[in-house]
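Chain residues, written in single-letter form:
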Amino acid sequence: MTAPTSNAPTLDVDHQAGDRLQLRGRWTLEYANAIGHALRDAPKGMKRIDATAVDRLDSVGVLQLLRYARRHGLDDAAFAFREDHHALVAAIEDVADDRPKKRREYGFVAALGRLGFAVQDNWKEIIALVSFLGENLFKMLRMAKEPRRFRAIATVHHMEQVGLDAVPLVALLSYLVGAVIAFLGATILADFGATIFVVELVNVAFLREFGVLLTAILLAGRTASAFTAQIGAMVSREEVDAIRTLGLDPVDLLVIPRILALLIMLPLLTFIAMMSGLLGGMSVGAFSLDIPPQAYLARMHETIHFRHFLVGMSKAPVFALIIGLIGCLEGLQVQGTAQSVGERTTSAVVQTISLVIIIDAIAAIWFMHMDW
Amino acid sequence: MTTSTSQRREDPCENADDTTPIIRVRGLSNRFGDQIVHEDLDLDVRPGEILGVVGGSGTGKSVLMRSIIGLRRPDAGEIEVLGVDARSEEQEDRLHIERNTGVLFQDGALFSSLTVGENVQVPLKEHHSDISDSLRYELALLKVKLSGLPADALNKLPSQLSGGMRKRAGLARALALDPPLLFLDEPTAGLDPIGAAAFDRLTRTLQQALGLTVFLITHDLDTLYAICDRVAVLADRKVVAVAPLAEIEQLDHPWVQEYFNGPRGRAARDSKRDGNRET
Numbered sequence: 001m002t003a004p005t006s007n008a009p010t011l012d013v014d015h016q017a018g019d020r021l022q023l024r025g026r027w028t029l030e031y032a033n034a035i036g037h038a039l040r041d042a043p044k045g046m047k048r049i050d051a052t053a054v055d056r057l058d059s060v061g062v063l064q065l066l067r068y069a070r071r072h073g074l075d076d077a078a079f080a081f082r083e084d085h086h087a088l089v090a091a092i093e094d095v096a097d098d099r100p101k102k103r104r105e106y107g108f109v110a111a112l113g114r115l116g117f118a119v120q121d122n123w124k125e126i127i128a129l130v131s132f133l134g135e136n137l138f139k140m141l142r143m144a145k146e147p148r149r150f151r152a153i154a155t156v157h158h159m160e161q162v163g164l165d166a167v168p169l170v171a172l173l174s175y176l177v178g179a180v181i182a183f184l185g186a187t188i189l190a191d192f193g194a195t196i197f198v199v200e201l202v203n204v205a206f207l208r209e210f211g212v213l214l215t216a217i218l219l220a221g222r223t224a225s226a227f228t229a230q231i232g233a234m235v236s237r238e239e240v241d242a243i244r245t246l247g248l249d250p251v252d253l254l255v256i257p258r259i260l261a262l263l264i265m266l267p268l269l270t271f272i273a274m275m276s277g278l279l280g281g282m283s284v285g286a287f288s289l290d291i292p293p294q295a296y297l298a299r300m301h302e303t304i305h306f307r308h309f310l311v312g313m314s315k316a317p318v319f320a321l322i323i324g325l326i327g328c329l330e331g332l333q334v335q336g337t338a339q340s341v342g343e344r345t346t347s348a349v350v351q352t353i354s355l356v357i358i359i360d361a362i363a364a365i366w367f368m369h370m371d372w
Numbered sequence: 001m002t003t004s005t006s007q008r009r010e011d012p013c014e015n016a017d018d019t020t021p022i023i024r025v026r027g028l029s030n031r032f033g034d035q036i037v038h039e040d041l042d043l044d045v046r047p048g049e050i051l052g053v054v055g056g057s058g059t060g061k062s063v064l065m066r067s068i069i070g071l072r073r074p075d076a077g078e079i080e081v082l083g084v085d086a087r088s089e090e091q092e093d094r095l096h097i098e099r100n101t102g103v104l105f106q107d108g109a110l111f112s113s114l115t116v117g118e119n120v121q122v123p124l125k126e127h128h129s130d131i132s133d134s135l136r137y138e139l140a141l142l143k144v145k146l147s148g149l150p151a152d153a154l155n156k157l158p159s160q161l162s163g164g165m166r167k168r169a170g171l172a173r174a175l176a177l178d179p180p181l182l183f184l185d186e187p188t189a190g191l192d193p194i195g196a197a198a199f200d201r202l203t204r205t206l207q208q209a210l211g212l213t214v215f216l217i218t219h220d221l222d223t224l225y226a227i228c229d230r231v232a233v234l235a236d237r238k239v240v241a242v243a244p245l246a247e248i249e250q251l252d253h254p255w256v257q258e259y260f261n262g263p264r265g266r267a268a269r270d271s272k273r274d275g276n277r278e279t
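Quick mapping for you: the protein sequence lines, in order, are chains A and B.
Going letter by letter, the first sequence gives residues 1 to 372 in the working numbering.
Going letter by letter, the second sequence gives residues 1 to 279 in the working numbering.
One or more of the hints may lead you astray.
[Unchecked claim] Examples of chain A residues toward chain B, derived with CB under 8 Å:
| id | residue |
| --- | --- |
| 1 | L63 |
| 2 | V95 |
| 3 | S288 |
[Stated by the list, open to error] Rough simulated footprint, nothing fancy, chain B against chain A, three-plus residues with beta-carbon under 8 Å:
| id | segment |
| --- | --- |
| 4 | 129-142 |
| 5 | 332-346 |
Please keep in mind that the hints were generated in silico from the structure rather than gathered at the bench.
Beta carbons: idealized from backbone N, C-alpha and C, even for Gly.
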């Protein structure tokens, strides 16, 4: 910064009294660094500091002068300030210097400590999720006994947001993945002259796995995050506390309508995903593998098994429950700050996608062993 | 840039003797749709005073403040702050206003993801990035303690503080750049009477020590009686009067009469006379 020299803070040794510093210029925030330099380069052995000629003084100037005095063992009597600066100096001198220690956040021990806390946090999350599942199942049963607790309008509202609004996205992406699988299969199967088996490949893949898996992953990104952000914002604005004090149950009011909406809509979306995937396969067959749609459909009728469809569909409610539970639970765990909402939303998406894939893998092995 | 404006920019406070207002509002109009908040409003704030701004709900106290700081573009009128046109979009003018004003919003408006210390350091980092880390830390500590918070509040998050402490932390951030002009939006709202009185005293002390000019929006009659040099009354889309309290009380205006001579107004005046809340 190029400051006019006339304003810059200066200090000179007084000519008459050799141990007195004469300050001039502006001792303000603008010149904080210049002040630092001037004081560092000040001649040693000064006993008095005359600040009556400074042009302007603010808390930065006073703070630096007091620091200088402390370093050189000078007391308050060594200073001479202008009359109108006395109040400022007094106010700053009043706040005694007891600077708190910064916390140590690095090093091996600290890293070990963080690891320990992370493990503990994860364990707590698992316990929280399981107990949240229990709470929800219990409250759903109670709702069956006392139907007046059921929030029909909220449930339908969420069904629209979660299900209907997601149809174009789910359909388009499933169609594309179906086409990709058909291409992928065709390039390999063509070597054996078995291109027609693309039909089975796409059918089995989509009915058993990809239909439900794609839908669940899409909804984990789209819906779990939305649930966390919605409920989290309500928590941080104390709306959830207000719900409790009004004698209402946040789980009845906020969580169960969302979970029910997912339980209904995720299987329906899965069905749409399956159909779109098959359509994608059929398109690739018709346009680049020389399998006309009639032949494709005939082959499908011959080879398809209804159990594939059932295996795929049976996973839909489980995934719906995972997405809804984690999304809502993370939202309820938000603590006040804007940052916390962001952290929880990320955590909700990561947890749901991981859990969905892990459970799908376990289920695949189990169904294979059961020969279903 | 002409010589005269650069001269004014150099000296936000010192060329201003008592006759030159630090804030000068002329013919201000603000509208929201067809709802008119201000119409042809005039106001002067003198350097070195605490000006209390009062008015019923919806008379546009906060809108006036937002117009002066430049957060809201008025529909018509002139506003001059520290010798610069507040409506100016020029980088230099904006910077001049930003560096020389501090604002305390109603609930502190602290950044919730930063600690109190980091909050206070934000304006320092933004406007004076050349200051060393240790000096910046010490300045933040100084401002936090000047605002009456204990030193260990520096490492706390805003969510860990009470409402009164959040206001003090907000004040510390507003004071970070040693601005000559300070805006306080309802500083005592939501504080208990003891905390409110303490905050009033703090405002007065800091105003005297740092030589501040304070633009103070308030509903709190005690604050008005305790620390305000002059009071501006907003009513009927205008400033109907700016004067010391004793004169305002005598004003023949229905809202003013109801406000100052109602039971709460009388109680506040009496307690001031008894010296219960001297500053």
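Hints and how they fare:
About 6 Å separates the beta-carbon of A:L63 from the nearest beta-carbon of chain B, less than 8 Å, and the hint is met. Taken as an interface hint, A:V95 checks out: its beta carbon lies about 4 Å from the nearest beta carbon of chain B, inside 8 Å. Among the interface hints, the one on A:S288 is violated; its C-beta lies about 52 Å from the nearest C-beta in chain B, farther than the 8 Å criterion. Only when three residues or more bring their CB closer than 8 Å to a CB of chain B does the claim for the segment 129-142 of chain A stand; here the count is 0, and the claim is violated.
Given as covered by chain B, the segment 332-346 of chain A passes the check, having 5 residues with a CB less than 8 Å from a CB of that chain where 3 are the minimum.
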